[in-house]
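A.B. asks: Sequence:
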Amino acid sequence: MQRVFVTGATGFVGRAVVHALRADGYIVRCLVRRGSERDLHGLGAIERVEGDVLIRRGLAEDIAGCEAVIHLVGIIREHLALGITFENVHTRGTLNVLEAAVEAGVRRYLHMSALGTRGDARSRYHRTKWAAEEAIRASSLSWTIFRPSVIYGRGDGFVSMLARMVRRLPVVPVIGDGSQRLQPVAVEQVAEGFSRALALPGTVKQAYEVGGPDAVALGDLLDLIGEIVGRRRVLKLHVPLGLVRRTTRVLHPLPYFPLTPDQLLMLEEENTCDPTPFFSAFGMTPTALAIGLRRMLAP
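Residue numbering for the sequence shown follows our numbering, beginning at 1 and increasing consecutively.
Among these hints, one or two may not hold up.
Here are the simulated distance ranges between beta carbons [as the list claims (entries may be wrong)]:
id, residue 1, residue 2, range
1, A290, G25, 31 to 39 Å
2, R34, G155, 16 to 24 Å
3, G230, P258, 23 to 31 Å
4, F158, T247, 16 to 24 Å
5, H79, T247, 19 to 27 Å
6, A217, E50, 41 to 49 Å
7, T285, Q2, 38 to 46 Å
8, R168, F257, 17 to 25 Å
9, P201, G230, 43 to 51 Å
10, R168, L82, 26 to 34 Å
11, R249, H79, 13 to 21 Å
12, R231, I291, 14 to 22 Å
13, T285, G230, 46 to 54 Å
Hints are computed from structural coordinates only; laboratory data are not their basis.
Just so it is clear, the structure is predicted and the values come from calculations on it, not from any experiment.
Idealized CB from N, CA, C, for every residue including glycine.
Sequences are here, hints too, so could you generate the full structure?
C.D. replies: Right, dumping it as structure tokens:
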């Protein structure tokens with residue numbers, strides 16, 4: 001029975017990946033930062049080791065005895081005072097895990113990147129993700145990279161927020177004209193892709209763009225959520241992009257402000273792909289967005 005080392009196991013995607021791995025018969029060892037142990041509640045019989053991807057020392061010993069590494073750690077917002085930056089977490093953290101995996105004798109490595117990742121991206125989030133990918137491609141490991149669009153499911157950080165606004169606000173604010181398209185994908189299908197990749201040699205040295213079967217404009221996504229939660233019409237307030245940019249530049253350091261300049265750059269871009277290679281490679285039937293959202297938002 002294979003043992004798999006997972007970073008980021010306490011996160012939204014990480015928990016789903018752990019469940020998928022255990023369902024497929026793998027032994028799972030989770031890297032847990034001190035103070036995060038309670039976030040593992042409900043994951044069942046897993047091995048736990050204390051550590052941090054930002055601390056290289058001891059990481060190889062934590063990985064020793066595992067046949068594969070799944071690296072999921074990532075951030076969407078920086079905390080400069082704590083040294084939690086995109087460069088530190090996405091790039092240096094990945095380098096630490098790669099080096100430790102090689103030292104521990106691991107050959108198989110699966111990595112969570114993001115759709116839109118490229119060297120000339122406008123956002124630092126995507127550029128640091130690209131730097132991590134470049135390090136992976138240059139390594140000696142048998143790697144597979146996943147680049148998902150927005151991942152949704154119970155406990156996510158984006159679609160759940162939209163659903164709360166639709167349910168509670170008389171008018172929902174929308175950045176710009178709301179025509180930016182994204183391709184939400186169900187977290188269970190992303191997790192299953194990670195688990196199945198371990199047994200599929202054909203996925204080695206492949207990067208998969210991951211999205212659901214339905215590309216949808218942000219405004220239309222709000223309408224779909226409204227239909228599912230029983231709100232006949234979702235009233236929207238379209239906030240000019242220039243105003244949002246100026247406000248975000250000033251207010252983003254405040255902990256309660258929901259947006260950063262880097263996040264805004266990403267929201268301005270389309271976030272779509274052709275997911276056919278992903279679903280074909282992993283033998284899955286894509287879950288339609290309306291069906292997945294109904295499951296997620298059901299009482």
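A.B. asks: Next step is simple, just say for each hint if it's right about the structure.
C.D. replies: Results of checking the hints against the structure:
| no. | hint | result |
| --- | --- | --- |
| 1 | A290 with G25: 31 to 39 Å | 32 Å, holds |
| 2 | R34 with G155: 16 to 24 Å | 22 Å, holds |
| 3 | G230 with P258: 23 to 31 Å | 25 Å, holds |
| 4 | F158 with T247: 16 to 24 Å | 20 Å, holds |
| 5 | H79 with T247: 19 to 27 Å | 21 Å, holds |
| 6 | A217 with E50: 41 to 49 Å | 44 Å, holds |
| 7 | T285 with Q2: 38 to 46 Å | 26 Å, violated |
| 8 | R168 with F257: 17 to 25 Å | 19 Å, holds |
| 9 | P201 with G230: 43 to 51 Å | 47 Å, holds |
| 10 | R168 with L82: 26 to 34 Å | 31 Å, holds |
| 11 | R249 with H79: 13 to 21 Å | 18 Å, holds |
| 12 | R231 with I291: 14 to 22 Å | 19 Å, holds |
| 13 | T285 with G230: 46 to 54 Å | 28 Å, violated |
Of the hints listed earlier, those the structure fails to meet are numbers 7 and 13, in rising order.
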